[in-house]
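Line order of the protein sequences matches chains S, F and H. This note's numbering puts the first sequence at residues 1 to 391. This note's numbering puts the second sequence at residues 1001 to 1391. This note's numbering puts the third sequence at residues 2001 to 2391.
No lab work stands behind these hints: they were computed from the structure. These figures come from a predicted structure and were not determined experimentally. Take these hints with a grain of salt, some might be off.
[Unchecked claim] Selected chain S positions facing chain F (in silico; Cβ < 7 Å): (1) 47; (2) 51; (3) 72; (4) 75; (5) 126; (6) 302; (7) 318; (8) 364.
[Claimed, not checked] List time: in silico DSBU-like cross-link candidates among lysine-lysine, alpha-carbon distance up to 30 Å: (9) 2380/H - 391/S; (10) 357/S - 2357/H; (11) 330/S - 1144/F; (12) 1379/F - 2380/H; (13) 74/S - 44/S; (14) 2380/H - 380/S; (15) 356/S - 1380/F; (16) 357/S - 1049/F; (17) 306/S - 330/S; (18) 2049/H - 2078/H; (19) 2357/H - 2074/H; (20) 380/S - 2379/H; (21) 2357/H - 1380/F; (22) 356/S - 380/S; (23) 357/S - 2379/H; (24) 2078/H - 1357/F; (25) 1306/F - 2356/H; (26) 1144/F - 1044/F; (27) 306/S - 1077/F; (28) 356/S - 2357/H; (29) 2137/H - 356/S; (30) 2030/H - 2306/H; (31) 1356/F - 2356/H; (32) 2077/H - 1306/F; (33) 2137/H - 1306/F; (34) 1049/F - 1137/F; (35) 1379/F - 306/S; (36) 2357/H - 2391/H; (37) 1077/F - 1137/F; (38) 1144/F - 1214/F; (39) 2357/H - 379/S; (40) 2074/H - 2144/H.
Where is the CB? At the ideal position from N, CA and C, for every residue including glycine.
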Amino acid sequence: MAKNTKPSKKPSPPGRGTLQRALTTGQSQKSLTLGELAHRLGGKVVGNKGISIRGVMTIDEAREGDITFIANEKYSKKLATTRASAVIVSPEFQAVGATLAVAQKNRAGASPAPTRPALLVTENPYLAFARAVDLFKPEEIHPKGIHPTATICPTARLGQEVSIYPRVFVGERTRLGERVVIMPNVYVGEDCQIGEDTILYPNVVIYTGTIIGKGVRIHSNTVIGSSGFGFAPEEEGYFPIHQVGNTILEDEVEIGANTTIQRGALGATRIGRGTKIGSQVQIAHNVEIGENTLLIGQVGIAGSAKIGSRVILAGGVGVVGHVTVGDDVKVGARSGVTNDLPSGGTYLGYPAEPIKKMRRTQVAMHRLPAMMELLRSLKKQVAEIEERLSK
Amino acid sequence: MAKNTKPSKKPSPPGRGTLQRALTTGQSQKSLTLGELAHRLGGKVVGNKGISIRGVMTIDEAREGDITFIANEKYSKKLATTRASAVIVSPEFQAVGATLAVAQKNRAGASPAPTRPALLVTENPYLAFARAVDLFKPEEIHPKGIHPTATICPTARLGQEVSIYPRVFVGERTRLGERVVIMPNVYVGEDCQIGEDTILYPNVVIYTGTIIGKGVRIHSNTVIGSSGFGFAPEEEGYFPIHQVGNTILEDEVEIGANTTIQRGALGATRIGRGTKIGSQVQIAHNVEIGENTLLIGQVGIAGSAKIGSRVILAGGVGVVGHVTVGDDVKVGARSGVTNDLPSGGTYLGYPAEPIKKMRRTQVAMHRLPAMMELLRSLKKQVAEIEERLSK
Amino acid sequence: MAKNTKPSKKPSPPGRGTLQRALTTGQSQKSLTLGELAHRLGGKVVGNKGISIRGVMTIDEAREGDITFIANEKYSKKLATTRASAVIVSPEFQAVGATLAVAQKNRAGASPAPTRPALLVTENPYLAFARAVDLFKPEEIHPKGIHPTATICPTARLGQEVSIYPRVFVGERTRLGERVVIMPNVYVGEDCQIGEDTILYPNVVIYTGTIIGKGVRIHSNTVIGSSGFGFAPEEEGYFPIHQVGNTILEDEVEIGANTTIQRGALGATRIGRGTKIGSQVQIAHNVEIGENTLLIGQVGIAGSAKIGSRVILAGGVGVVGHVTVGDDVKVGARSGVTNDLPSGGTYLGYPAEPIKKMRRTQVAMHRLPAMMELLRSLKKQVAEIEERLSK
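From just these sequences and the hints, can you work out the full model?
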């Protein structure tokens, strides 16, 4: 088969080459004046509105024609040395950081940038930066149609303009919405629904009965709807609890790589609209997560836990089964949530406690050896006193 | 190739559609009277033996015709509002919970269930529930035969009635027992043995030389027998220790998704009969695990550790290398086992300590700031006393 | 297609059968005298130089003709019972351990080995053992050429003597060096570079724009270059920060199974030459890791952290974003690094502290309940004293 020998004669999935050129150069073919950019992102220019911006890059790697940003004071001194043509900053930074940077530049005598970069001043530099990347990012183009090596079961129904890459499997009665992209070696089981504009990256596995909304992205080797951990002890060994529920991912959910979400034992495991989940995350059966919640990498959530909306669980946080975490709760990295948490607080540690309390405890912990010393000497003193008094 | 275009002409893996209807409705085509069900599960009925049960569902989502269960007192009040036709409960619950539930119902005035559900009273409600799910679960049907896109190496030997899905790879000299099911994109290396009735879900990878028993289930993207972490420091950098051992999974082992079990450096990594392993678990080279042990999600076990039988390691527990954990040990979530643990105890924390001791320590920790206060004031008092006495 | 039916007529990837015979017997076809072996590994023989060594095995499983090693005093007593023909030991062990072992042998009266094993005495037994395994390990042979079911995009360029297994995908403009091995179901995106002698195991996914050096090994289901976790909060929900950077793995990097390395948001995520990464590891965008560093299983490193060279992070260690860990730092299992760490220290705990300090703190923690007791009784005594004095 000619298409499989090299060089190939047969048309094969065309390039995300544009994306790639951007990946390697940090610049696309697009170009905007700094003035136009400020208008699109919202913000005012300090410096030359007319300069041409062709890409976004980190402050260290930026070259002429790039715009970069400083969201973290820690990096303010770099303003003196960056080769970027423009820098997105906050009003506070403009007031303090910029002058600070110049002072440091003079002090440190660091090899100076050829020209002082212009500033794009905005209330939310991080959001402006994100929008700038979006403006300059090249289109991610996927070929329309179904590759001949894909297996589409007879009763599956596919929407218009889908992109089905080589060796994809789509099970019986599964429905794909318009413009769905399924990359190589993805398995989608029977009776699934996948909403329009959703992208599944290579080697993702979607188990039977999963329901996925619109504009969802799931990265490689993530598994949705595998069987949860359910075993009832009997005289000897365990009786398996067949997991006959399913998994529901609402619109605009994004999931990283090598993450696992298990289907409900009965009923559903549910991830709410706009929630973002990192890589290497484990979510057990019948967990319910609200909207616009962030779960960073390596988070683990045990069965039937309920997590609210706009919650942030930092990297490696664990949540035990059957607890409820209220809306807008924040939990620090590697903490262990062992009880219900009311809405709105910030927690740390294992068991997770309000962060101020936990910090005091941590400080005290490191004074423990000294405390023990003091305690011993006091004991001695008191003993001596009692001896004197008893005479 | 017609089979790859849509709609497909070629027979393709037939449905687990029955399963799916169950997945979406929670009910199958089967129907039993509550009396028959009580007879099969063991237990006595309080209420109408004649009512027809057609499925099992959670207490919140149950409808007429469903049976549900209450294993956790926490949910007892739901008895007043569930729409289930019957509820599996323990004798204690029947005595206490039921009346409690009614009381709460009257107090709360919650929208009442149309009819009070019948009770199925049994010593082990959780096991009875598991058996009920098993009774009503539809068969998971896999098509027999070998899909034409699978690669079966010439010297591989396959048992009767195997189901080999598209694009499976089976290496040289590998033997598959009867009724083995291997789903799409699974890779099985050379010289493996897989026992009868074992199921490998999509994208599982089995490295060369792995031995798998009967009735084993391995979920998607799990890797069995990859190379362990062995590097001997030399003058500069590391000399790789080639991992030439293998991996042995005994009968009825079940493994979740995205889990990794590494082959022995020399000799074998061994998982004992009936042991159940969750998702996102990492088991290093030459670990030995006994029978009917439970490792929940995100557990990590370092090289050459020995874990006994009927052990339970809760979510995220870590075990360091070369330690021995005795039979029937339980370790609480996120604990770190750094030393040998004798049989039968329950442990918590890092380093893991007997749970009662650890709980006292945790309580004391949170009193630390107060203790420091008290200590300072005592120091002051004692100083004053000494001053008075010295006069 | 005959090649897909069983038994197959078509030549298919030939065996790593030699490897496998070694896997199951622990011995290869090679044979060396102990004298020759000592010469090759460096070290002196105590005992019969002439005996024939045909393989390497663990001290428990070794048979006649095997050499084994004792690196850990803990196992010294096994010298009395091993059936190995020879044992690699350190000079210290020879002086102490050997006689100790004999003493224990006499005391324990354990069923003795048929003959006392010869000793191969060397300064670095572990390295000598690694080299012995390397000497006896059979070649891992991969068939040269491109399997007809692989998809090689037209503009991809492949070096001489590559081994491309079934159903591999190689994207546009990607370049593979000489002797690269890509096993079944691997996806390599567009515009990647993969250096000579690199091996990708089954189901690995390499995202667009990844650059991989020479002699790299990446184990199954690992994902390189997936999109990092970048979302800028806006009025409602989050604005995605498109991750347009890439990932660079330098020469001789080795990566375990089910690990995730995310590409840079802008610029690159970089793993330095000779660094070894375990399984189930999560490395976030723009992390930079030096040379010959070891990251054991389940380590997690947050965005933009910088890890030095020759660092060792034990299993499950977490590192927060934007911190710097100096060269030669060691961090104990499950610790959490929350601040910059200077070069060369050893740290433990969360937050990670110098190990000696942390051990003192841990000891003190477990004395806390006793301390509270003492504190209460002192308080009482002092109160009594004051009362007496006030009279």
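Verification of the supplied hints:
1. 47: 48 Å, violated
2. 51: Interface hint status for residue 51/S: violated (47 Å vs cutoff 7 Å).
3. 72: 30 Å, violated
4. 75: Where the cut-off is 7 Å and the nearest Cβ of chain F is about 33 Å from residue 75/S, the hint is violated.
5. 126: 30 Å, violated
6. 302: 6 Å, holds
7. 318: 5 Å, holds
8. 364: At 4 Å from the nearest chain F Cβ, residue 364/S passes the 7 Å test, so the hint holds.
9. 2380/H - 391/S: Holds, at roughly 20 Å.
10. 357/S - 2357/H: Within the cut-off at roughly 22 Å; holds.
11. 330/S - 1144/F: 51 Å, violated
12. 1379/F - 2380/H: 13 Å, holds
13. 74/S - 44/S: 23 Å, holds
14. 2380/H - 380/S: The hint holds at about 15 Å.
15. 356/S - 1380/F: 27 Å, holds
16. 357/S - 1049/F: 56 Å, violated
17. 306/S - 330/S: The given pair, whose Cα atoms are some 14 Å apart, holds under the 30 Å limit.
18. 2049/H - 2078/H: Holds. Residue 2049/H to residue 2078/H sits at ~22 Å (cutoff 30 Å).
19. 2357/H - 2074/H: Roughly 27 Å between the alpha carbons, so the hint for residue 2357/H and residue 2074/H holds.
20. 380/S - 2379/H: Holds, at roughly 13 Å.
21. 2357/H - 1380/F: 28 Å, holds
22. 356/S - 380/S: Distance of about 35 Å is beyond 30 Å: violated.
23. 357/S - 2379/H: This hinted pair holds, its Cα atoms lying about 25 Å apart.
24. 2078/H - 1357/F: 36 Å, violated
25. 1306/F - 2356/H: Within the cut-off at roughly 28 Å; holds.
26. 1144/F - 1044/F: It is violated: about 41 Å lies between the C-alpha atoms, which goes past 30 Å.
27. 306/S - 1077/F: Roughly 19 Å separates the two Cα atoms, so the pair holds.
28. 356/S - 2357/H: 23 Å, holds
29. 2137/H - 356/S: The given pair, whose Cα atoms are some 56 Å apart, is violated under the 30 Å limit.
30. 2030/H - 2306/H: Not OK: residue 2030/H and residue 2306/H at ~45 Å, beyond 30 Å, violated.
31. 1356/F - 2356/H: Cα-Cα ~26 Å, so holds.
32. 2077/H - 1306/F: 19 Å, holds
33. 2137/H - 1306/F: Holds: residue 2137/H and residue 1306/F sit about 27 Å apart, inside 30 Å.
34. 1049/F - 1137/F: Judged against 30 Å, a Cα distance of about 22 Å means the pair holds.
35. 1379/F - 306/S: Judged against 30 Å, a Cα distance of about 48 Å means the pair is violated.
36. 2357/H - 2391/H: 46 Å, violated
37. 1077/F - 1137/F: 28 Å, holds
38. 1144/F - 1214/F: Roughly 18 Å between the alpha carbons, so the hint for residue 1144/F and residue 1214/F holds.
39. 2357/H - 379/S: 24 Å, holds
40. 2074/H - 2144/H: 46 Å, violated
Checked against the numbered hints listed earlier, the structure breaks hints 1, 2, 3, 4, 5, 11, 16, 22, 24, 26, 29, 30, 35, 36, 40; every other hint is satisfied.
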